[in-house]
Each structure stands twice: as C-alpha cells, then as structure tokens.
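Protein sequences, first through last, are from chains A and B. Residue numbering for the first sequence follows the numbering used here, beginning at 1 and increasing consecutively. Residue numbering for the second sequence follows the numbering used here, beginning at 1 and increasing consecutively.
Bear in mind the hints are in silico, worked out from the structure with no lab data behind them. All values reported here derive from a predicted model rather than from experimental measurement. Each hint should be verified, as a subset may be incorrect.
What the hints assert, rightly or not - Which residues of chain A face chain B? A few of them, derived with a C-beta cut under 10 Å, are:
hint, residue
1, THR5
2, VAL11
3, THR12
4, LEU15
5, GLN35
6, GLY36
7, LEU39
8, LEU42
9, GLU108
10, ASN112
11, LEU113
12, LYS116
13, LEU117
14, SER122
15, PHE129
Ideal Cβ positions, reconstructed from N, Cα and C, are used throughout, including at glycine.
Number of protein chains: 2
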Amino acid sequence: MRLSTKGRYSVTAMLDLAIHDKAGPVTLADISQCQGISLSYLEQLFARLRKSGLVKGVRGPGGGYRLARPASEISIAEIICSVDENVDVTRCKGEGNCQDGGKCLTHELWTNLSNKLHEFLSGITLAQFVERPGIPELSMQRDKMIGRFVLAKKQAVAINRGVFNINKELVAKELAAKEALR
Amino acid sequence: MRLSTKGRYSVTAMLDLAIHDKAGPVTLADISQCQGISLSYLEQLFARLRKSGLVKGVRGPGGGYRLARPASEISIAEIICSVDENVDVTRCKGEGNCQDGGKCLTHELWTNLSNKLHEFLSGITLAQFVERPGIPELSMQRDKMIGRFVLAKKQAVAINRGVFNINKELVAKELAAKEALR
DNA sequence: CAATAACCAACTAAATTAGTCAGGAATTCT
DNA sequence: AGAATTCCTGACTAATTTAGTTGGTTATTG
Ligand code: FES
Ligand code: FES
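Build out the structure end to end from the sequences listed, making use of the hints.
This is the structure we're talking about:
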C-alpha cells in the first residue's frame, strides 16, 4: 500500500464531497477551483473512485458527484487503495518466489506491516473528519469567498428531483446574491 | 509522510542489518546480492540513514554498516522518514497560506492524519520483526544458499577490534568451509 | 603495497505524477 | 428543439521521482 499525493488529493476531494453532501451533488469544477487541483486530473481520479463504487456521478446541469455510501461507511483506506492501483506490497505479488522459489524476509515483513497499516486506515472514516469541530464553519467561509453558493444552487435543483426537503426562502436569497455578483 | 518503495528498501536493508548485527558489520555488497537491490542505490539510501544517525559505517576490509542504536530503539517511522526527505504533509509546509492566507480544510486533515500514522509506525521497532518466530532461521538458510558466511568473517575481524565475545571454533569452521567453496 | 569497502558526485533510464487537449454523452433549462 | 451544463473518455505532454550507472576518493586492514 502506497501513500502518495495522489491519494491525498482523493481524500481531500472526498472530504469536500462529504461536507457538502447534504446539499446535493458537488461539481468537479467547484472542487478544482476550491482546492487548486486541475479539473482533468480530478476527473481521472474520480473515474477510479467511481469504478470502486465510492462515488456516483450525476450528469447534466445541477449534477456533480455524490458519495455512494454514507460518509461514516467510507474509510480513508478505501479511498487511497482505489486510486493507488499499484498495491503490490511485496515484489513477488503473493507467491513467495522472490529468492530461488522461497519466501524472502521482506515478504513476511511487508505483508505484516501492510496489513497493520491498512487496518489502521480502515478505522478512520470520512465522517470522523467532517464532524471535527470547526470544519463545517471553515468550509462555509471559504465557499463564500470564492462565490460558491452550493447550497442554493443544489437545492434548487433538488426540488426538481424531489430528493430533499429544502428551505425555499434560503434558496431564493442565495440565488439573488449570486446574481448580484455578476 | 510518504510510503514508497524507497522506504521499503530501507526498512528491508535495516532488517538485514538488525538480524546480522550480533556478527558485526554487514557490507552493502552482501545486502545488494541478497536482496537484489543495486549496490550504488543502496549507497545512496545509506548515506541518508547515516546522516540521520541510524547506522554507522565501518571502513576497510571486514567493515560494513552497523546499527547506531539497539534494534529495539529504531522504529519503522524513523527509517522511512530519513530516506523520504519529502515529508511535506501539506502543500503549505506549516503556515496555512494555501487559500488566501487562510488554512484550508486539507491542512487540518493531513497534519492530523499524518500525526496518527507517524505515531503508529513509531510504535513498531526493528527488534519486533527480528524476533518474530522463524525469521532468524529463514535468514540463516538464505545466507548459506548464496555463500554468505557472515558470522565467521565478521567475527574474525571482531577479534581484532575487540568488540565481541566470539566462538573461535565456529569461526575457524566457517572460514574453512568458505575456503573449500573456492 | 594491494585489497576491501565505505564514501562521494554527476549522469542516465524508466516510471509515476500532474496536467492538457479535444472531444462525446446524458441531463436540464429555456 | 436547442443551448447549457456536467460527467465521461482517451490520448498526449511536462515535470518529478525512482532506480540504477559510472567513475572516482578515502580510510582501514593485512
Ligand atoms: S517479496 Fe515475496 S518472496 Fe520476496
Ligand atoms: S495545506 Fe496548509 S493551508 Fe492549505
């Protein structure tokens, strides 16, 4: 199991999704602008996340990505593993043929360590990070700074799709604010 | 904190050192042959391990590398950190200036996760792996297969340096066996 | 002196990461 | 129906990292 910037981007983006999940789909364009990651690169990462069944894509205007499962059931380990396909812990990939057909020390060492590490990261869920004090507030502040009226826009769409109970006044208010910016 | 093959090689090599530590210095040439890693690449890795104070080099014939501390006081985390200098957990490297001078969500997330991970790997020492049942035997088997008479050679040298209490008969026996191979 | 083995620096090749480009397909809004 | 939005796809490029190479120098032993 590797731990690289690739996995970091993915976890970061998934966190973003988890925070805004109540407000409906989040577009990659928003995440890209917000976190300073290239849009197309995000698309590549999300292609894998989708294939792994961690997120669901919703096409068309008002669409975006949503968590396929509750944030409390998505672990950091799952996210990292799904983008880092190269999970060859050992050199022999299972069968101990590294040294004249026999297991080398490395084999035992890394399967063991890797298991422990995986176990550890499996115990940490997205929800645990979202619920940390301060995070929702911090997120909302930044959303406003870059003119990201996620709530209004998504909930407006949500009416049509009949997915959420929404506050119509709030929607109208934020949509007006968005217009005023233009 | 990254977790790559580079760190893996280092941990593997350090394990080798720890196993044979009783018998004195281990040459990089031995590790190279034994584990199939390029000699010069190992040299690069050990340069860092030495600068981090994890190993000590002993020059000249009979020399090699030794652990600078007991295996029970060297953690996996230390090894990985010393070769993976690129420990920029966040993009901002400390000060939260990532997004218009303010901390981004990522900042909190990764310092937090990284701390936990580091803590976890700090709790695992080299000694814990050396002492796992089967490892010393497995190691000795392989040593013989590639004609690595570590014990005899190193201890013969050790007499001169007055470092160890040695079994002279064993030394003579293995040295004879080595000669016979040629 | 010759052999050994750590040390050192600069260079190359392969792989991975990060980003770009140019479109296509599903969905919604007007 | 047509325009706008957004996911989705594949192929291509640049930068960085990993892995290995070459060609030495220095300390130590015998
Ligand atoms: S890595 Fe599995 S036997 Fe060497
Ligand atoms: S990474 Fe530290 S503020 Fe963004």
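For this structure, which hints from the list above don't hold up?
Numbers 7, 8, 14 - these are the hints that the structure violates, sorted from lowest upward.
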